[in-house]
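Participant: Let the sequences and hints guide you as you build the complete structure.
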Amino acid sequence: MTDLASHFQAFLAGDNAAFAELYREANPRLSAYCHKLNPGHAEDLMQELWERVIAMRNSPSSAKGGGWGVVSPLAFLFRMLQNLAIDEHRRRKNEISLEDEVMDGTSRLPLTEFEEATEIECIILEALEKLPPGDREVLVLNIYSGYNYGEIAEMLGASTEAIWQRASRARSKLRAIVIEDAGRMGAALPRINKNSARKKEVIV
Amino acid sequence: MIEQTDSNIHPIDSLIERTLARDAEATRNRFLAVPNAPLTAKLALSTASHGLLGSIGAKLALYAGGALLIGSAAYFIPSLGQHPAVPPAMPAAQHRSPAATADTKMNIATEPVAPRPTSATQNIRSTSPSPILKLDEGNGKNIPRITNPKYEGPLK
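In the order they appear, the protein sequences are chains C and E.
Position one of the first sequence corresponds to residue 1 (my numbering), numbered consecutively onward.
Position one of the second sequence corresponds to residue 1 (my numbering), numbered consecutively onward.
These are computed hints drawn from the structure, not numbers from a lab.
This one's a predicted model, so the numbers in the text were calculated from it and none came from an experiment.
A virtual CB, placed ideally from N, CA and C, is assigned to each residue, including glycine.
Incorrect hints may appear among the rest.
Every beta carbon over 12 angstroms from chain C, so not counted as near; a handful from chain E, in silico [claimed, not checked]: (1) Leu62; (2) Gly71; (3) Ser72; (4) Ala73; (5) Ile77; (6) Pro149.
Computed spacing ranges between beta-carbons, pair by pair [said to hold, decoys possible]: (7) C:Ser6 <-> E:Tyr63: 28 to 36 angstroms; (8) C:Lys93 <-> E:Gly71: 24 to 32 angstroms; (9) E:Asn29 <-> C:Arg90: 26 to 34 angstroms; (10) C:Gly40 <-> E:Glu25: 19 to 27 angstroms; (11) C:Glu51 <-> E:Ile70: 27 to 35 angstroms; (12) C:Ala55 <-> E:Tyr63: 47 to 55 angstroms; (13) C:Asp15 <-> E:Leu60: 19 to 27 angstroms; (14) C:Lys93 <-> E:Arg30: 24 to 32 angstroms; (15) E:Leu60 <-> C:Arg79: 31 to 39 angstroms.
Only some residues are given here: those of chain E computed to face chain C with a beta carbon under 10 angstroms [as the list claims (entries may be wrong)]: (16) Ile12; (17) Asp13; (18) Ser14; (19) Leu15; (20) Ile16; (21) Arg18; (22) Ala21; (23) Asp23; (24) Arg30; (25) Lys42; (26) Ser49; (27) Asn148; (28) Leu155.
Facilitator: Structural data, given as structure tokens:
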């Protein structure tokens, strides 16, 4: 049983310290994912997620000792977050306020969280948003949330190999978009140094 | 680990990875690693209600289990669950059936009958004490009964 799973079970059994550990481990990573895919609503969604997790403890399913039948808390939390995001999206779609319509296009959040982004860095971050949702999701989970491909496979219910292939494809698409946008905008791209023969290792 | 050479790595890839990693770190730092105040309050409330529900549930389960045990014992053990074969006898006055063993004839009186006092009215109207009654002081001497000869009993 992983640490996350043991913390989850301990929390359902009434251990508040386990909840703190669960939160410390999962909140920044899931929030980062949520922030990239639902900018502006990440904090609300995460708050809703944790409130639901807390409410689970007093539910009859938890009292029976079944722990909701959660085999993988990581996948469970992720799916719950996805469902909340979908619900939020539907709600917002049905309740577009005048303010939203007026501010549309001008109310976008800053593209990057770090200061003094260069032009090419802005192009890269914009390119990430142009990726198809499935590809972007894998990259965000890998890079922003820090989950490895095995964990992403567990969360998305796919094989590790499939996730690896999807991530590789997403990186290729991202690179193509960046090169295209940079060329259109006249931004300077790093050049290929053909004299360099050293090998690099890429951590997967 | 996958080994790659410069021939199959575009230099833009490292820039992309570096940029995304930098943005990711800044993004993660935005979010708290400890529960905020509302969550902490909800957690405390949940803990309290969890304990309360647990204790109530345990008591209810205990009582229900005890009642079930006694009920099942009364049902399955014949000596406890058996009803008495002979019903308890009813009071004689209610249970007695009229017993007419012979033909009876009712004679209607032809002469008027004078009303007679009942035993209750006799006791009330009686003015003379019973001669059998003796009062004893305890030393064997009877107290002489003194009755006023002019006493005619209570006023009517």
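Participant: Does each hint hold? Answer for all of them.
Facilitator: Okay, the hints, checked on the actual structure:
1. Leu62: Answer for Leu62 (chain E): holds, closest chain C Cβ roughly 16 angstroms.
2. Gly71: Holds, because the least Cβ-Cβ distance between Gly71 (chain E) and chain C comes to about 24 angstroms, which exceeds 12 angstroms.
3. Ser72: holds (23 angstroms)
4. Ala73: Holds, since 27 angstroms exceeds 12 angstroms.
5. Ile77: holds (32 angstroms)
6. Pro149: holds (97 angstroms)
7. C:Ser6 <-> E:Tyr63: 28 to 36 angstroms: Between Ser6 (chain C) and Tyr63 (chain E), where Cβ atoms are some 34 angstroms apart, the hint holds.
8. C:Lys93 <-> E:Gly71: 24 to 32 angstroms: At roughly 57 angstroms between Cβ atoms, Gly71 (chain E) and Lys93 (chain C) fall outside 24 to 32 angstroms, so the hint is violated.
9. E:Asn29 <-> C:Arg90: 26 to 34 angstroms: holds (31 angstroms)
10. C:Gly40 <-> E:Glu25: 19 to 27 angstroms: holds (20 angstroms)
11. C:Glu51 <-> E:Ile70: 27 to 35 angstroms: violated (43 angstroms)
12. C:Ala55 <-> E:Tyr63: 47 to 55 angstroms: violated (28 angstroms)
13. C:Asp15 <-> E:Leu60: 19 to 27 angstroms: Once the Cβ atoms are compared, 24 angstroms apart, the range 19 to 27 angstroms for Leu60 (chain E) and Asp15 (chain C) holds.
14. C:Lys93 <-> E:Arg30: 24 to 32 angstroms: holds (26 angstroms)
15. E:Leu60 <-> C:Arg79: 31 to 39 angstroms: holds (34 angstroms)
16. Ile12: Because about 6 angstroms separates Ile12 (chain E) from the closest Cβ in chain C, which is inside the 10 angstroms limit, the hint holds.
17. Asp13: Cβ of Asp13 (chain E) sits 6 angstroms from chain C, so the hint holds.
18. Ser14: Hint holds; Ser14 (chain E) Cβ to chain C Cβ min 8 angstroms, cut 10 angstroms.
19. Leu15: The hint holds - Leu15 (chain E) has a Cβ within 10 angstroms of chain C, the shortest such distance being about 6 angstroms.
20. Ile16: Holds, because the Cβ-Cβ distance from Ile16 (chain E) to chain C comes to roughly 5 angstroms (cut-off 10 angstroms).
21. Arg18: Holds, because the Cβ-Cβ distance from Arg18 (chain E) to chain C comes to roughly 9 angstroms (cut-off 10 angstroms).
22. Ala21: holds (6 angstroms)
23. Asp23: Asp23 (chain E) check passes; min Cβ-Cβ to chain C is 5 angstroms, inside 10 angstroms.
24. Arg30: holds (6 angstroms)
25. Lys42: This interface hint holds because 5 angstroms falls under the 10 angstroms limit.
26. Ser49: holds (6 angstroms)
27. Asn148: violated (93 angstroms)
28. Leu155: violated (86 angstroms)
Comparing the model with each numbered hint stated earlier shows that hints 8, 11, 12, 27 and 28 do not hold.
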